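The chain contents come next:
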Amino acid sequence: MTDRAMVDGVSPPRFSVPLELRAVAITLALGALGYTLFPDDLAFLTRLISITLLVLSLDLVTGYCGVATLGHAAIYGVSAYVVGNACLAGHSDPLLLLLVGAVAGAVMGLVSGVLVTRFKGLPQLVLSIAVGQLIAALANKLSSLTGGSDGLSGISPGRIFGVYAFDMYGRTGYVFSVAVLMVVFVVLLRIVHSPFGLLCQAIKDDSLRARMIGARVYPRLVLMYGVSGVVGGIGGALNAINTGVVGLDSIGFERSAEALVMLVLGGAGSLWGALIGSIVFQVFEHYVSAANPFHWMTMVGALLIAVVLFAPKGLVSLGGLLAGRTASVLRRRP
Amino acid sequence: MSQPLLELRNVSMSFGGMRVNDDISFSIGKGERVALIGPNGAGKTTLVNVISGDLNPSQGAVHLAGVDVTALPISDRVDAGLIRTFQITRLFKSLTVAQNVALAVMQRKGLTRSMFSSPMDRPDVRREWERALGTLGIAHLADRQVSHLAYGQQRLLDLAIGLALEPKVLLLDEPAAGVPSEESSKIIEAIDRLPSDIAVLMIEHDMDLVFKFARRVLVLANGKLIFQGDPAEVTHHQEVRRAYLGSYADARHAS
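Protein chains in written order, with our numbering: chain W, 5 to 338; chain R, -5 to 249.
No lab work stands behind these hints, which were simulated from the structure alone. Just so we're clear, the structure is a prediction, and the values are computed from it rather than from any experiment. Watch out, some of these pointers could steer you wrong.
As the list claims (entries may be wrong) - Simulated DEER-style distance windows between Cβ atoms:
1) W:THR40 with R:GLY128: 34 to 40 Å
2) R:ALA133 with W:ALA29: 32 to 38 Å
3) R:GLY128 with W:ALA29: 33 to 39 Å
4) W:ARG26 with R:ALA171: 41 to 47 Å
Beta carbons are placed, not taken as given, at the ideal position from N, Cα and C, and that holds for glycine.
Produce the entire structure from the sequences given, and follow the hints as far as they go.
Shown next as structure tokens:
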């Protein structure tokens, strides 16, 4: 349907394939493409997917609700630590661990949401940083739970469905991650196009107007933070499951800031934007940092400036433009 | 007379030392059409903000169908049927026209909690937003994104959202301001066609519209209610003429 695509910030290509089916096809295709391009570096891809979930999670609150946050990695990191501890305590079923991560993320999301969405603008941003820093500091101090600066290691998840063991090449982990990403993405598409999702976007556009149609703004935002927490939590869980270690880097300010950069690069307020931004940034980083370990951040900076200048709504808006052009070219043909 | 739908009791609103609304009392009954007029800076929009719950009055109380709503949040007043529009349109710019109105419909029906279904296309919801858009003649814009609408069309949409909320008391803050004449006639028609049992309070500068619409006029000047009564009398009232109408009243007399 047209308005569905409009909401996603992309000008609507008029296919009749349901959005969800398209999302399944695209994530599977991307998964296959990744496997073909980086067959020897699946660890990189699983990491990429785990971070992509964090960026999607951030998109829900920043892109869809207009909440400014630089502390979102707290959700991701807390979940990773909780999952790590759960696994070390003997609960090693990967699906159970995912669930644990989702719940930990939801709790962390709700707590952040209760604090952060009370405010607006700069106070909100500062508060989100404060929450993030507080959690990061705790992670550093509570070394009995987190391993402190050494990190938490020795996490070895069991077999998926009791059958598929995680192998040293990361194949199982990769397939598992792609499947999780696909499911999460489809569910999220559903949510952002639901009345609840529309209302969140309405609140972002004009929260007073939203109140004037009878909306309870604060509880809606907290709830969306909870949903975002589930997604970020699943991302953190994947990180712990796939790498077997959780370090302070997964919870810190830099992780939060990087996720925001990826989101802006791809296009906030669109799930596709979050997906594209996350992939492009990390693949770019992967290549460029290998080619030039000293100046790669400079190049990432240059890429960002170019995107902000020429496509301020992110790479996804270029995609929409391209689709529109192609469609009009196709239409002109007899 | 039966219980008034909207009643203000000694409402005052101060910002710092500035008294913007000063001891205002009036009531509006079922089916009444009342205009609120007054010069710029008289405190009209502040008063609407107080009634709708955007501002809490420094003193006094707002009653809705006999219930004191002074301490209630905006959303509860909306649930009770107190609906307003805005002088400067406030819309959900990233959504489509249809979604703007459908959201209001779904909010009223308690459907916005739904996270997985898409009741926008449910027949009862669809019928309602289509009707609201149709009433204002903007049904053909349903799939247009709001940020692409002309200003006059945005005003029509603002009113359509108000209608979709099924008001019992409707506060219209200059509904026709800045709207080209062919579209303002649509606004006037829509206001004419409002269900006869709802109460409407309209702020308006256009005196022709006021005289056409209102059975009763309230005049606000320097924060005080200086007149309430028949539109025919308002132009004869000395204080009102001095405070506000000025040359307009004189011109009407001369003609």
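Query raised in the report: Do the Cβ positions of ALA133 of chain R and ALA29 of chain W conform to the proposed distance bound of 32 to 38 Å?
Result: The hint (32 to 38 Å, Cβ to Cβ) holds, given that ALA133 of chain R and ALA29 of chain W are roughly 35 Å apart.
Requested in this report: Take a look at whether the Cβ-Cβ distance between GLY128 of chain R and ALA29 of chain W falls inside 33 to 39 Å.
Outcome: 38 Å, holds
Query raised in the report: Taking 41 to 47 Å as the hint, is the beta-carbon distance of ARG26 of chain W and ALA171 of chain R inside that range?
Result: 44 Å, holds
**Report entry** Outcome for the supplied range 34 to 40 Å, where the beta carbon pair is THR40 of chain W and GLY128 of chain R
**Finding:** 53 Å, violated
Going down the numbered hints, you'll see the structure goes against just number 1.
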